[in-house]
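> Chain by chain, the residues:
2 protein chains.
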Amino acid sequence: MSVRPTRPALRERYDRRQERVISQAAKVFAKRGYDQTTMQELAASMDLATGALYHYFSGKEELLTAICDQLMEPLLEQATEVLRAGQDPEAQLRALVRLWVCHVVEHRDHMLVFQQERHLLESGERWRKVRASRKAFERLAAEALERARPRGDGHLALLALLGMVNHTAQWYRPRGELTPEAIADGYVDLVLG
Amino acid sequence: MSVRPTRPALRERYDRRQERVISQAAKVFAKRGYDQTTMQELAASMDLATGALYHYFSGKEELLTAICDQLMEPLLEQATEVLRAGQDPEAQLRALVRLWVCHVVEHRDHMLVFQQERHLLESGERWRKVRASRKAFERLAAEALERARPRGDGHLALLALLGMVNHTAQWYRPRGELTPEAIADGYVDLVLG
DNA sequence: TCGAAGTCCGAATGATTGTTCGGTAAAGTG
DNA sequence: CACTTTACCGAACAATCATTCGGACTTCGA
Numbered sequence: 001m002s003v004r005p006t007r008p009a010l011r012e013r014y015d016r017r018q019e020r021v022i023s024q025a026a027k028v029f030a031k032r033g034y035d036q037t038t039m040q041e042l043a044a045s046m047d048l049a050t051g052a053l054y055h056y057f058s059g060k061e062e063l064l065t066a067i068c069d070q071l072m073e074p075l076l077e078q079a080t081e082v083l084r085a086g087q088d089p090e091a092q093l094r095a096l097v098r099l100w101v102c103h104v105v106e107h108r109d110h111m112l113v114f115q116q117e118r119h120l121l122e123s124g125e126r127w128r129k130v131r132a133s134r135k136a137f138e139r140l141a142a143e144a145l146e147r148a149r150p151r152g153d154g155h156l157a158l159l160a161l162l163g164m165v166n167h168t169a170q171w172y173r174p175r176g177e178l179t180p181e182a183i184a185d186g187y188v189d190l191v192l193g
Numbered sequence: 001m002s003v004r005p006t007r008p009a010l011r012e013r014y015d016r017r018q019e020r021v022i023s024q025a026a027k028v029f030a031k032r033g034y035d036q037t038t039m040q041e042l043a044a045s046m047d048l049a050t051g052a053l054y055h056y057f058s059g060k061e062e063l064l065t066a067i068c069d070q071l072m073e074p075l076l077e078q079a080t081e082v083l084r085a086g087q088d089p090e091a092q093l094r095a096l097v098r099l100w101v102c103h104v105v106e107h108r109d110h111m112l113v114f115q116q117e118r119h120l121l122e123s124g125e126r127w128r129k130v131r132a133s134r135k136a137f138e139r140l141a142a143e144a145l146e147r148a149r150p151r152g153d154g155h156l157a158l159l160a161l162l163g164m165v166n167h168t169a170q171w172y173r174p175r176g177e178l179t180p181e182a183i184a185d186g187y188v189d190l191v192l193g
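The listed protein sequences derive, respectively, from chains A and B. Reminder that position 148 of the first sequence reads as 148 in my numbering, one-by-one numbering, no gaps. Reminder that position 31 of the second sequence reads as 31 in my numbering, one-by-one numbering, no gaps.
The list makes no distinction among identical chains, and a pair is therefore deemed to hold if it is satisfied within one copy or across any two copies.
For lysine-lysine, the following DSS-like pairs were computed, each having C-alpha atoms within a straight-line distance of at most 30 Å:
1. 129 - 60
2. 135 - 60
3. 31 - 129
Derived by calculation from the structure, the hints in this document are not laboratory data. Values in this document were obtained by computation on a predicted structure and should not be read as measured data.
Between the sequences and the hints, there should be enough to build the whole structure, so can you do that?
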């Protein structure tokens with residue numbers, strides 16, 4: 001039941017496989033829905049028996065939080081990095097939104113699952129970390145936007161930007177005409193007028 | 001099992017109660033999630049026994065499609081109305097977005113349920129009508145936007161607008177500072193530059 | 001007022017499904 | 001090579017929950 005190996009040689013493999021399970025789960029959950037996906041389906045989709053999943057996770061819900069963590073943590077980290085670079089405000093905002101859109105696009109399945117199960121976030125100790133990450137990221141975005149757009153009410157602009165970027169997960173297709181960078185630039189253009 | 005009364009005097013009451021059940025279901029589903037809500041909980045939340053729900057719907061999934069219909073149909077109808085009025089392009093767009101935001105805000109629960117269960121839309125005969133309504137509305141919005149914003153690539157602007165407006169359901173609170181009209185105008189300002 | 005139609009009850013049911021667990025094979029370690 | 005840890009299997013279990021259904025009560029229409 002979800003016990004990380006002691007032996008160093010196995011630990012790496014364990015971690016790698018665990019991450020693969022998370023990604024695959026995100027893919028299946030995104031397509032079929034979290035509740036409508038049975039553990040058996042999920043296991044079958046990665047050529048495992050149902051019991052095997054419990055080597056990597058204590059249960060279905062932990063799998064869900066893992067998906068959210070795998071989504072939010074690298075984003076928050078990279079965003080902090082970008083804003084530390086200290087370019088001029090508009091360049092910072094553009095860099096942040098580019099990073100963000102790229103992340104959404106690369107983690108489309110994670111995003112869709114996250115949005116589907118948004119109602120779980122509203123309460124429950126288990127979700128504290130995810131809630132905190134989301135809030136922290138939104139604060140970074142708010143500050144970057146405020147600096148790049150000093151006049152006017154930034155509040156609605158921020159909400160609009162959040163809407164655009166998050167919504168991107170719903171329509172973006174890899175073979176589409178727009179690159180993630182072009183999308184991000186388009187969004188920033190809208191928001192900066 | 002979901003048989004509409006023959007007698008005129010009862011038909012009205014039946015329809016009224018059915019609508020109330022739909023709205024209440026939207027509320028509970030939005031808060032707890034569709035799959036995580038049991039029929040017993042749902043019935044209890046409206047002081048009914050579980051069996052009573054099957055007077056109005058043949059099953060849980062029909063309740064879900066009813067929520068989507070109750071959301072999409074009046075919107076599509078009113079939108080068509082607004083665009084038929086034939087003002088100048090920008091006024092048309094503003095009117096449409098106002099209508100749209102108001103609708104989202106008044107049917108917040110419906111919207112949240114709709115978004116949660118978006119993955120069901122992707123396939124299944126049962127969802128054809130809902131899919132068609134959504135597509136029809138998006139087409140209206142696209143045309144209105146195109147007319148009001150003749151130069152530039154309207155494609156990304158449309159997607160951005162869809163994102164903003166739909167996302168509104170996630171943060172809007174009745175006691176907030178922004179009125180639906182102010183929100184709508186803010187969105188249009190962003191999109192028209 | 002009478003019979004039919006409608007409304008709702010709520011316990012029982014049948015199917016589904018998350019999770020457990022005893023066992024087997026494989027791989028690391030000394 | 002022993003032997004311990006790790007990886008995985010997959011049938012069985014226990015719990016949950018959508019749906020059914022026979023009946024009690026109410027309202028309508030004539």
